[in-house]
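Residues per chain, in single letters:
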Amino acid sequence: MATQLVSGKVAVSATINGEPTAWLCEPRETLLEVLRDRLGLTGSKEGCGNGNCGACNILLDGRLINSCCMLAVEAEGSTITTVEGIGRPEGLTPLQRCFLEEAALQCGFCTPGFLVAAQALLDKNPDPTEDEIRWWLAGNLCRCTGYDKIVRAVQKAAAEMRG
Amino acid sequence: MDTETKYRVIGTRPLRPDGVDKVTGRAVYGADVVLPRMAYGKILRSPHAHARIRHIDTSRAEALPGVLAVMTSRDLPDVSASSVAMGEGGDMNMRYASNNVMAHDKALYQGHAVAAVAATSPHIAAEALALIEVEYEVLTPVLDVRKAMEPDAPLLLEELYTDTGGEKSEKPSNIAQHLIAEEGDVEKGFAEAAVVVEREYVTQTVHQGYIEPHAAVAEWRADGQLTIWCSTQGAFAVREQCAAILQHPISQIKVIPTEIGGGFGGKINVYLEPVAAVLSKKTGRPIKMVMDRAEVLMATGPTPGGYIRVKMGADAEGNLTAAQAYLAYDAGGYPGSPVSAGCTTVFAPYKLRNVRIDGYDVVVNKPKSAAYRAPGATIAEFATETVVDEICEKLGMDPLEFRRKNSAEEGDWRPWGPPYTRIGHKECVEAAQASPHWNSPLEKEGPDGKRRGRGVASGYWMNWDGTSSCTGRLNPDGTVSLLEGSTDIGGTRASIAMQFAEAFGVDYEQVRPMVVDTDTVGYTDVTGGSRTTFGTGYAAHELAKQMQRDIIAKLASLWEVAPESITVNGPCYASNGNSATLQEVAKLLEENGQHVAAAVTVKGHNSSGAFGVHIADVEVDPETGKVDVIRYTAVQDAGKAIHPSYVEGQMQGGVTQGIGWALNEEYAYDEAGHLRNANLLDYRMPTTLDVPMIETIIVEVPNPGHPYGVRGAGEVPIVPPPAAIANAIYDAVGVRMRELPMSPPKVCEAILQKDE
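Going line by line, the protein sequences match chains C and Y. Every letter in the first sequence is one number past the one before it in the numbering used here, and letter 67, counting from 1, is 67. Every letter in the second sequence is one number past the one before it in the numbering used here, and letter 595, counting from 1, is 1595.
Read the hints as simulated data drawn from the structure, not as lab findings. C-beta: ideal position from N, C-alpha, C; glycine also. Treat the hints with caution; some may be incorrect.
[As the list claims (entries may be wrong)] Simulated restraints, written as ranges between beta carbons of each label pair:
| no. | chain 1 | residue 1 | chain 2 | residue 2 | range |
| --- | --- | --- | --- | --- | --- |
| 1 | C | GLY18 | Y | ARG1422 | 56 to 66 Å |
| 2 | Y | GLY1570 | C | GLY91 | 31 to 41 Å |
| 3 | C | ARG28 | Y | GLU1062 | 18 to 28 Å |
| 4 | Y | PRO1704 | C | ASP127 | 18 to 28 Å |
| 5 | C | GLY18 | Y | GLU1062 | 37 to 47 Å |
| 6 | Y | GLY1449 | C | ASP127 | 27 to 37 Å |
| 7 | Y | ASP1105 | C | ARG63 | 50 to 60 Å |
| 8 | Y | MET1514 | C | ARG28 | 38 to 48 Å |
| 9 | C | ASP127 | Y | ALA1434 | 16 to 26 Å |
| 10 | Y | LYS1147 | C | ASP127 | 49 to 59 Å |
[Unchecked claim] With the C-beta cut set under 7 Å, the calculated list includes, among others, these residues of chain C facing chain Y:
| no. | residue |
| --- | --- |
| 11 | ALA22 |
| 12 | TRP23 |
| 13 | GLY43 |
| 14 | CYS48 |
| 15 | ALA55 |
| 16 | CYS69 |
| 17 | PRO94 |
| 18 | ALA103 |
| 19 | THR111 |
| 20 | PRO112 |
| 21 | ARG134 |
| 22 | LEU137 |
| 23 | GLY146 |
[Said to hold, decoys possible] Partial selection, computed: residues in chain Y whose CB lies under 7 Å from chain C:
| no. | residue |
| --- | --- |
| 24 | HIS1178 |
| 25 | ILE1180 |
| 26 | GLU1212 |
| 27 | ASP1292 |
| 28 | ARG1293 |
One chain only, chain Y, in its complex shape (with noise of 0.2 Å):
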C-alpha cells in the first residue's frame, strides 16, 4: 500500500499543541517558575583547572546581611561508589557525580562548584560567593588527551585504574577504560589491499549550545518531600540522580519538567538540582539556581575533542577490505566520554569483514564531558569519511557510488552489537545520488577569487530504544488526555499525540498530550538517544490498542453482545445494530458509571539505527582562509516521518551545529587551562548569516521495530557535516583538513603549506 494514503494522521503537518504559548511567551522554562518565599542560590567555581582544596572558609559570606545558608561538599552525603544507568550518557558512578555537583577535595577544572550561597536576592548571593575563602594547592593541570595518556602523566583521580575488558591497570592512569572490538583479520585484509589510507585526526572539544541556560527551583519540606522543578531531558533521570547523590528515598523526589530550551544531550546530568536541594533544606525556603552564560560554558556540558586514527584499505575494484581505528576521547574531569559510540559508529555505513576498533576513554581537566547529539560519532566518521573520499580519489571513483557499494546492509557486522536489521543506508545513497543538488553542476570559481569544491558524507547513529510510559484518559467528551514523561524539546507533543490518534482512529485534535511529573506517569527514559518519537510514539500506539480493548469491554457488557462481535472503523464501534462513535462511547460510558483510562510501559523494542548522506558545497577564500557554506542538502532515513515538517527541523537544526563545529566551534585553553572563550560572542555558533537554506530529503525505509516503521531523527544529521566540509574543501583548494575546527587560520595556513 502507498504509504501516502496508508494513513489518516501520520505524515500530516499540525500545529504543535504547546505552540501559542510558545509564540506568545506564556510558556514556562526552567527559570521562569516562582514558589512563595523563594530564596536564590548561587555556585562559586574554582578558579584553577586542577587543584587540591586545602581548606574553605565561609564565615564571611554568612555574616553578609540577606545570606540564608551556604554550603560546600561536607553538606553532600558520602555516596559510595554506585552507578546509575542513564541512557544515552552512559552508566555514571554516582561517586564522581556527586563530586562533579560539589568539589570533594579536587577540583578537577575550571569553573568546577566548590562552595554555594543561598540569599534573599541573587546579587546578594553573588556578593557572597566573594567573601567565600577557598585555600587551593594548585596542581599541573593536564589539558592534552594524547598528554594525559603518557605515563608520567600528573594523575586527576589518584584511585583511578585502566579497565580493559574487566581487567585492571597494575598503576594508577588516567586513562579510564580501552575497549577493543574485533573482527575478522585485519592485517590479512590490508594485505588485499590496492590501496591502503592511514590519517591522524585532533579536534576540540564543543559545546552543545542550548540558548537556555540550566535553572532548578528545589522545595525540601519539613517531612522530607522534594520537589523540583527543571529543565531537563529526563525528570526521571533528575530523580535518580538527585536520589543517589543526597542518600534520600526516591519515593520522597518528585521531578516536575519545564518547557526545555534545548538539551542535545546536556540537560541530562545534575548540576543545580542537589545543591539547591541541599539549600532548601538548609534554609527551609525553596531555592531557585540559574546558571549565566560563563557557568555554562565552563562547567556544564561538553562534548569532547579527540585524537584519532583511522586506517582503511579497498581493492581495485573498490571494495573495502579492511579497517583499522584508534579513538582517544578526553572524558573532562570524570570517567565516561562517549568513545564507546565513537567506536560503535566510527564504521557504521560500511560493510566490513576485517575490523580493528581501539577506544581510550581519558580524563583531562576540562568539564565531565556530557552527551551531545550523536555522542562520539561525529568525530569518529569525520575521520572514517575523509579517509574514504581518499581512497575514492586514489582509486577514481565516484564517492556516492563507492558509498553505494560498500554500503552496510540487514545481517551486517557491527561491533558490540546484533547484526544490523533493516537500514536505508544505501536508500540514502541512491537518494543523494538522484537529488536535484548533486545533478547540478557547481561553478568552481567563484567571485574574487575564491575557489568551490563539493563533497560528501555519511552518517550514522542507533536509535536507543529506552522505557516510555504513556497513561491515557478517554475524557467524557470523547476527547483524550494523553499523559507522557517525555520532555519535549522539538516538538514531541505533536509527534506522539499523532501517533496515538492514528492508532485511536481518532483526530489530532481529539487528543490533549501532556507532559508530566515522575508522580503521574510511568517511568521514561530521557529525551535523548533519537528514542521519543520512537519509544514513547511506540508507548502511545500500545496505549491506544489498550484503550480500545477495554473500551470494547465494556461495550460488549453494555449492549451485552460478544466483545469479538464489536467492529471498529475509525472512532466508530458498532455490533449487532448498535452503533456509536467515540464521543457516544464516552457519554455512555460516563452514564453508566464506566471510566476508561490506561497506563502502559514499552521497553526495549529493538532498533536499527539510521543513516544519513550529505552533499556540501563550500567557497573557500585561499587569501583568508574563510569557508563559506554555499548549498547544502541532508538525505536521512527517517523510516517513517511522522510530522514532515519536524523531522526536516530536526535535519536542518544538525546540519547546522555541524557546520558549527566544522568551521567555528571550539573551547580555547590556556596553558593553564582557564577557558578564554566562555561567552557566546567568542564561542562562535553558526548566526543566520552562517548557513544557506538547508535542502532536505527524507528517505523512509520503514524500522522493522516500530509499528509505523519510525526511526529517530534528531542525532544522524549532526554527523556528517564536518567530513562532508572538510571533502568539499579538498575540491575547493586540495588540501586535506584534518582537525577541526577547519577556522580561517588553519585553512590559511594549509593554502600556504600546499603552495610551498
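Chain C with its partners taken away, still in its complex shape (with noise of 0.2 Å):
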C-alpha cells in the first residue's frame, strides 16, 4: 500500500528498469507525469494525454500500458520498463539498431512508445506476421513515416532475433 503523508503526498515505490525506486506524488500526477517530471525519464513521451498516440508506452508487469491513463499511485510495488530500460546507447537491441538500419524514424518523438511497444509483441511472438504487427501497432500514431518503414524493421528485428 502506498503510504499517504500529511503534505498530501503520497509515497510510492516500485521497480523501474530494474532499479528499487520511490518517489513522493500527489494522488492527482499520472504515472507518466511521475515518470518524466520526478524521475528524469523523459524518453515517454506525452502527445495526447488520453491513451490515442501510445507514445507514453511502457511496460508494467509485463504489461503494455499507456502511462498517461494511469495514476502514479496505482504503480504501488510494481516492475516497469520504459523506454531506457530496454537497451543502452552501447549496447542496442536488435529492435533499436534496426529502427536505424531501416530509417523507421524520421522525427523520432514516437519512437520510444513504437519501441517498447513492438518490443513486448516480439517477446510474445517471435514471428508476426505483417497484419499482426500492424494490429498490435495500431495504438501507437506516427505521423512522419507512414508507417511502412517501422513495419520492415519489426520484420528485419523478429527475424533476426529468431536467428
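Both chains come to you apart, so use the hints to assemble them.
Take a look at the structure:
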C-alpha cells in the first residue's frame, strides 16, 4: 500500500528498469508525469494525454500500457520498463538497431512508444506476420513515416532475433 | 558519368548521428527541458469562437497559493503593423501575430488565448485558470469561407480591407486579399476546346498532426537577456517573432532549438514562447509551457479548408487549351492563408498558354492557419487533377499519356515566377507508366461485394531556397565539427553532413553535425519549404570548399610551395614531394598554432521545384462507403537523392498524411464554432491499419540550381493522394467525389444518389 503523507503527497515505490525506486507524488499525478517530471525519465512522451497515441507506452508487470492513463499511486509495488530500460546506447537491442538501419524514425518523438510496444510484441510472438504487426501497433500514432519502414524494421528485428 | 559511381558518400544510406539518442529515449525534445527554479505556465483560452473581451478579472487567480504571476494582452507591448518575413509561412503582420499569441480586444476562435498563469506546478496553474473571470460579449461566428465573403457577413477585423493588386477596397471586409494571375486569352482557349469540364470543390480544415505538442521554456534574466528553449522548425524565426512581439532587442534574445517531434509547417509561428518570456520576466524564474492535445488542435496549426472552382478545356487531340481557377481559402482568425501558393501550384504540372487564376484570402472564426506541407497545393491540385481525369475519360485517353502529352517543361510559363528551369514532371509520368504497379492488372471485384479501382494524379511543390548558414571547424584529429542552423526533423543532420563529406573528400563518419542556437551559427531560414537538404546542404558544400581553400593556403605557407601546386585527392593533400592526409594536415596545423574554421551563408539560389506522380488502388465497400487504400505507388523527382532511405521516408510519410486528408481528417465544428473533435481519437489520423506499404520510385532529374542537383523532397508527396484516391474511387464505383474528406457517409451518399 502506498503511504499517504500529511503534505497531501503519497509515498510510492516500484522497480523501474531494474532499479528499486521510490517517490513522493500527489494522488492526481499520472504515472507518465512522475516518470518524466519527478524521476527524469523523459524518454516516455506525452502526445495526447488520453491513450490515443501510444507515445507514453511502458511495460507494467509485463503488460503494455499507456502511462498517461494511469495514476502514479497505482504503480505501488509494480515492475516497470520504460524505453530507457530496453537496451543501452553502447548496446542497442536488435529492434533499436533495426529502427536505425531501416530509417524507421524521422522526428523520433513516437519512437520510444513504438519500441516499447514492438518489443512487447516480439516477446510474445517471435514471428509475427505483417498483419499481426499492424494490429499490434495500431495504438501507436506516427505522423512522419507512413509506418512502412517501422513495420519493416520490426520484421527485420524479428528475423534477426529468431536467428 | 553514371551517377551511381560518381559519388563516394552521396546516395549511400548511413545511420543518422542523432539516431542512438532517439532510440534510447535520451534525445531532448521541447517538453524535456528542465532548469533550476523552473515554474510552469498555462493558458486560459476563449470558449467562444467570436467574442469581444469586455473585462478580465485575475484577482482570485493571483490569490491562489502557488500562483506566481498572471498575464493578459495588457502585458504585451503595442506592436505596430510591421511585418516579418516567415518564409514558407508567408509574411506575417506582427500586430496580428501579437494578437494571435494573446487576444487583445476580441477572441477570434475557440481556443484563442486570453490570459496566462505562472505557478509552482502545472496543476496549480491549471486550477488558477478556472479562477480568472472573463466577461465576453459573444458575437456571431463566421465559419464558412463563402459566407464570410458575403457583403453583409459579420466582420472579424473591422480595420481589414481587401487588397487587390495594392488597391484597397472601399469598405472593410473579411476578404484580406484578392490575387489575380493571367496569361494568354482564356475565352479563346475555351472556344478552341472540344471538351470543357468545370467543377466545384469544398474541403475542410485539417491539422498537421505532429505527435509532439508545442513546448517552450523561457528565462528572462534581470539584465534583459532572454533565452528560449523550444521545439521549432526555425530558431531564427522564433527569435524574430519574439523580438517583434515583445519589442525586445534581437541581440538580447537567444533561441536554443531542442529536438523537434514533427512540425510539417506548424512549428514556425510562435504561440507559447512570448507568453513564457513575459511570465519569466514577471516572476524572475524560468517558465516552462507545454500544450495539451486539445490546445494543439484548437489553437495551433491548421491548414485551411476552402471553396475551389476549376475549369479546364482540351482539344480533340488531347491538348489542353485553357484553364481557369477560383480559389477561396479560409485563413482563420487573421489574414494569411496559403492561397497564393494554391494559385501558384493549381495548374503546375501542365503546359498552358491561356490561364486565369483568382485567389481569395478570407478570415473566418477558426484558428489562424499555419503552413502545412506544400501549403495550399493539396486542395488546389485535388481539384485540377480530378478535372483532368474527367477530361481524359471524355476524350477516351489514358490519364498518364494525357499528362505526358501536356506536361510542363523547362521554359514554360508559371504564375508569379520566372519560367520553369529544368523540371522532371514528364520523367515522373514515364516512370509511373513503366512501374510494376501500373503494369499490374487490378481485379475489379473485391471480397464481400467490394469494388476496386485505380487512379493517378500529379503534384508539384516549389522548393523554397531561402538562406542557410553553416560553420565548420577542423579538429586536431582530422574530424570536422559542422554547426548548422537548420533544425533536424527527419534526418537532415545526415543529409547535410553527407554533402559536406562529399565536397570535403572525407568519410561521412569524419563529420560531426550539430544543430546549434541563434548565437552560434549564421542566420538560417526555417526547416520548411522542402529547403533544408537543398539549401543547408548547399551551404555545407560551400563551407567544405572554403575550408579546403583555407587548408591549401596554410599548407602552402608551411610547405613553402605555391598554393596552386597543391593537389587534393579525397582527404589527401600533395605538392612537390610533400603529401599529407587530412588527419596529418590537422596535426601539422595544430603544431604550428594554426586553426581552420569557416562560416558561410548561402542565399537565394534559383530552385525549380519538384513533381510527383502517384498511383492508388482502392477498395470501396458500397454498403458503407468505406474506402481502403490497398496499393499505392509514389513516383517523385528528387533531383539527386542524398540519402535514399530518407527520401523514401518523406514520400511514404507525405502519402500517408495525404491519405488521411483524403479519407478521414477534418475539423468538425458545430454552428457556434466549437471544435467537436479536439482529440486524436476523433480527429482521425491514419494508423498502421489504414495504409498499405507505400511503394516508392525515385526519379533523378538534377536541379541545375544545386551543386549535386538536389530538389526538395518533403512536400510534394502530400499533394497527389486526395486526387489519386478520388479518381480511383470513380474507377471503382462510378462516383465523382468533390468534397474532402471522402469519408464513408459522403461516399455512401454519392453511391446512393448515383443508384437513383
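How the hints compare with the structure:
For GLY18 of chain C paired with ARG1422 of chain Y, a C-beta distance near 58 Å keeps the hint of 56 to 66 Å intact. At roughly 33 Å, the beta carbons of GLY1570 of chain Y and GLY91 of chain C sit within the given window of 31 to 41 Å. Remark: the range hint 18 to 28 Å for ARG28 of chain C to GLU1062 of chain Y is upheld by a beta-carbon distance near 23 Å. Taking 18 to 28 Å as the suggested C-beta distance range, the pair PRO1704 of chain Y and ASP127 of chain C does not conform, at roughly 50 Å.
Judged by the Cβ atoms, the range 37 to 47 Å given for GLY18 of chain C and GLU1062 of chain Y holds: they are separated by roughly 46 Å. For the pair GLY1449 of chain Y and ASP127 of chain C, the beta carbons lie near 34 Å from each other, so the given range of 27 to 37 Å is met. Checking the proposed 50 to 60 Å range against ASP1105 of chain Y and ARG63 of chain C shows it holds: the Cβ atoms sit about 52 Å from each other. For MET1514 of chain Y and ARG28 of chain C, the Cβ-Cβ distance of about 39 Å falls inside the hinted range of 38 to 48 Å, so the restraint holds.
As the Cβ distance of ASP127 of chain C to ALA1434 of chain Y is approximately 36 Å, the hint placing it in 16 to 26 Å is violated. The hinted range of 49 to 59 Å is satisfied by LYS1147 of chain Y and ASP127 of chain C, whose Cβ atoms lie roughly 57 Å apart. The restraint placing ALA22 of chain C at the interface with chain Y is violated, with a minimum CB-CB distance near 20 Å, outside the 7 Å limit. The closest approach between the C-beta of TRP23 of chain C and any C-beta of chain Y is roughly 15 Å, which is over the 7 Å cut-off, so the hint fails.
At about 2 Å, the closest approach between the beta carbon of GLY43 of chain C and any beta carbon in chain Y falls short of 7 Å, and the interface hint on this residue holds. Contact between CYS48 of chain C and chain Y, as hinted, is supported at the beta carbon level, the nearest pair being about 4 Å apart and thus within 7 Å. For ALA55 of chain C, the interface hint holds, the least distance from its beta-carbon to any beta-carbon of chain Y being 6 Å, beneath 7 Å. Nearest Cβ of chain Y to the Cβ of CYS69 of chain C: about 12 Å, over the 7 Å cut. The hint is violated.
Among the interface hints, the one on PRO94 of chain C is violated; its C-beta lies about 11 Å from the nearest C-beta in chain Y, farther than the 7 Å criterion. Taking 7 Å as the C-beta cut-off, the interface hint given for ALA103 of chain C holds, the closest approach to chain Y being about 4 Å. A least Cβ separation of about 6 Å between THR111 of chain C and chain Y falls short of the 7 Å threshold, and the interface hint therefore holds. Hint status for PRO112 of chain C relative to chain Y: holds, with the closest Cβ pair at about 5 Å, below 7 Å.
At about 4 Å, the closest approach between the beta carbon of ARG134 of chain C and any beta carbon in chain Y falls short of 7 Å, and the interface hint on this residue holds. Here the hint on LEU137 of chain C is kept, as its CB sits about 5 Å from the closest CB of chain Y, short of 7 Å. For GLY146 of chain C, the suggested interface contact is upheld, since its CB lies about 3 Å from the closest CB of chain Y, less than 7 Å. Checking HIS1178 of chain Y against chain C by beta carbon gives a least distance of about 34 Å; that is not within 7 Å, so the hint is violated.
This hint is violated: ILE1180 of chain Y has a C-beta 36 Å from the nearest C-beta of chain C, more than the 7 Å allowed. About 4 Å separates the beta-carbon of GLU1212 of chain Y from the nearest beta-carbon of chain C, less than 7 Å, and the hint is met. Taking 7 Å as the C-beta cut-off, the interface hint given for ASP1292 of chain Y holds, the closest approach to chain C being about 5 Å. For the restraint placing ARG1293 of chain Y at the interface with chain C, the shortest Cβ-Cβ distance is roughly 4 Å, inside the 7 Å limit, so the hint holds.
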